[in-house]
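Trainee: All chains should be built: construct the whole structure from the sequences, respecting the hints.
The opening position of the sequence shown corresponds to residue 476 in the working numbering, with each subsequent residue numbered one higher.
One or more hints might be untrue.
What the hints assert, rightly or not - DSS-like, lysine-lysine: derived pairs with alpha carbons at most 27 Å apart: (1) Lys592 with Lys660; (2) Lys791 with Lys1106; (3) Lys861 with Lys790; (4) Lys660 with Lys1013; (5) Lys1037 with Lys965; (6) Lys707 with Lys688; (7) Lys861 with Lys1027; (8) Lys817 with Lys1013; (9) Lys861 with Lys660; (10) Lys532 with Lys609; (11) Lys677 with Lys532; (12) Lys791 with Lys1113; (13) Lys936 with Lys1086; (14) Lys1037 with Lys791; (15) Lys1037 with Lys784; (16) Lys1027 with Lys784; (17) Lys532 with Lys707; (18) Lys592 with Lys1037; (19) Lys1027 with Lys660; (20) Lys532 with Lys926; (21) Lys791 with Lys532; (22) Lys1037 with Lys1027; (23) Lys1086 with Lys1113; (24) Lys592 with Lys790; (25) Lys817 with Lys660; (26) Lys1037 with Lys629; (27) Lys712 with Lys1113; (28) Lys1104 with Lys784.
These aren't lab readings, by the way, just hints derived from the structure by calculation.
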Amino acid sequence: MKVLPRVGKAVLAAAMVMFAANAGQAQEWQTSSSLMGETKYGKDFQHYDYVNPDAPKGGTLNAVASGTFDSFNPYIVRGAPAAGLAQFGGGLLYDTLMEQAIDEPSVSHPLIADAFKYPDDYSSATYRLDPRAKWHDGQPINVEDVIWSFNVLKANSPMYNRYYENVTEAVALNDREVEFRFDQKGNRELPKIIGDLVVLPKHWWEGTDASGKRRNITQPTLEPPLGSAAYKIASFKPGSEIVWERVKDYWGSKLPVKIGRENFDRRKYVYIQDDNAAWQAFTKGGLEDIQAEASSRRWATYYNFPAFKAGDVLKKEFPATSRASMQGFAMNMRRPLFQDVKVREALSYAFDFETMNRTTFFGFNRRVSSYFVGSELASSGLPQGKELAILEPFRDQLPPEVFTEEYKLPVYEQPKPKEGDPPQPEPASAPQPERTHLREIIRLFGEAGWKIQNGKMTNQKTGQPFRFEILGNNDTDEVISTPYINMLRKIGIEATLRIVDPNQYVNRLNNFDFDMVTTVLAQSNSPGNEQRDYWSSKAAETPGSRNLSGIKNPVVDALVDKVIFATDREELVAATNALDRVLLWNFYVVPQYTRPVVWLAYWNKFGIPEKQPDYVGPDIESWWIDPEKEKALAAKYKGVN
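Mentor: The structure is reproduced here in structure tokens:
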């Protein structure tokens, strides 16, 4: 699925779903598809039910971006892509074969392809192109573009390479149909996720630039590329500003997934290095119209500036079920310091969520204790039934606790509900004093060969102190890390936080150059091939993968395959429960918290549909500029437009 700034990273997780149409439909052309039964729109899909199909077009959406940029090619590891582009999906510039639904999990609708089909054994998938699809230069999008895009993305994009690992080739059947062939059968998700392929213009990338130099898809570029989607690059200042403009004759504007959406004539991104400076810019108006708020403290206490008090800036909480995800400190096991599971367990127990949630996060957050939080895919209790049967062959390779103990995180204090809050479930573990947890942490370190000497946690063989660095790139990293660092200091561990600029941060993550870093591991209701990118041994060795912890575990590899090749929902749930349980008991991350809502503050210049999708949260593409509201703000606040 497209990972765009307007919908957030959680949409990418929702896109990676398993296709489960029944075998009787195989080899019949299909349009919209769904895992969870039929899409609610049926075959007569006209437009999303939450949009205003008559929403007016016009105006400028102003936004702030972090860091800088030096490339318009997001599909390679090198370079920092400009705002509006996406490493997976098409961003504002390119369309994909199909588009993942905004308001339903496990649903795709037509875009460049108007239909697809696949055989009973799931050994291939055929996509049929919409004859109306065209590039911004008027040339049609053809099967050669699709085949070329598949080949160059597999060769150059780490994410697409792993996503389509089992797709061996794309072959033209005729001038509208492309067949994607697989090296395996029974992977029921694979025919579906071919629809996530972004299609690039072969004739442009293989052509020459204004100076006569041949373009190169494997290199960064600051030449605005030819696109196919609703926007194109209008102007830019390298590293500091980019402006996108809506394509007036966009070929797909009347498709059901587009009606009532993509309403802004212009989208302007200004780069600001400092988070506090970006906040100040928002409060004054003009540079940023919508603030996606991540800070609990700011949400609770900072909204008292003049424009907010006057009602010219509004804030609202939107439900977003897809936002529930595992957030935690990823420990890089490529570093010897984190290779002992007892060390990782001890570090997990040192995170005092309850105190932090009370004193820092105003009680807004929930503790997370699953990689598939908030769904039937999350493991619980002890393994039984199908899950136990899946785990049993690996018993000798797993921590014994997988079979004998329920996974529980320590509780430092009993959470105190705020007035008006609904009753909260009892914590999995009974609250214990801090000193009790610290004694357990010291015991675990002792089993791993570490002991406190002269006030420092010291390796009994080497005499080296336990010391590591947490990598971050914004103020939130400091808020999360500081209490944790202070807790570790109490047992003689020297942990430090290093904040770097966004570009350096991305480069270091891509090359696994860190000790510990906060990661957000979003998941869908139907996990599948993307799990390889999260957990597989191959991904651990591939720069740019999401296997930040460096997991190289043959049992995890086998369980990922169990998830991918699940034959029905019941088997998928059991396999995912087993994978979740094994990941948890290996303590690859220090679990932090989750918040399944989206906080938005925005200048009151928009028309907004009454309902927004509960699945991904607010769909900014369904908003539009209200000229009268904008005019009133411009008269009242200098620079607001």
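Trainee: Would the pair Lys532 and Lys707 pass a check requiring their Cα atoms to be no farther apart than 27 Å?
Mentor: Holds, because 16 Å separates the two Cα atoms, which is no more than 27 Å.
Trainee: Compare the distance between the alpha carbons of Lys936 and Lys1086 with 27 Å, and conclude whether the hinted pair is satisfied.
Mentor: Judged against 27 Å, a Cα distance of about 62 Å means the pair is violated.
Trainee: Lys592 and Lys790: Cα distance at most 27 Å?
Mentor: violated, 44 Å
Trainee: Given the hinted pair Lys1037 and Lys965, is their alpha-carbon gap at most 27 Å?
Mentor: The given pair, whose Cα atoms are some 42 Å apart, is violated under the 27 Å limit.
Trainee: Does Lys817 pair with Lys660 here, judged by a C-alpha cut-off of 27 Å?
Mentor: violated, 39 Å
Trainee: Need the status of pair Lys592, Lys660: alpha-carbon distance at most 27 Å?
Mentor: Holds, at roughly 15 Å.
Trainee: Is Lys1027 close enough to Lys660, meaning Cα to Cα at most 27 Å?
Mentor: Holds, because 25 Å separates the two Cα atoms, which is no more than 27 Å.
Trainee: Can you confirm whether the C-alpha distance between Lys817 and Lys1013 stays at or below 27 Å?
Mentor: holds, 24 Å
Trainee: Is Lys861 close enough to Lys1027, meaning Cα to Cα at most 27 Å?
Mentor: holds, 25 Å
Trainee: Is the hinted pair Lys660 and Lys1013 satisfied, with a Cα-Cα distance of at most 27 Å?
Mentor: Since the Cα atoms of Lys660 and Lys1013 sit roughly 21 Å apart, the hinted pair holds (cutoff 27 Å).
Trainee: Would you check the hint for Lys861 and Lys660, treating anything up to 27 Å between C-alpha atoms as holding?
Mentor: holds, 22 Å
Trainee: Straight-line Cα separation of Lys592 and Lys1037 no greater than 27 Å?
Mentor: At roughly 24 Å apart (the allowed maximum being 27 Å), Lys1037 and Lys592 satisfy the hint.
Of the numbered hints given earlier, the model fails hints 3, 5, 11, 13, 14, 15, 16, 20, 23, 24 and 25; all others are met.
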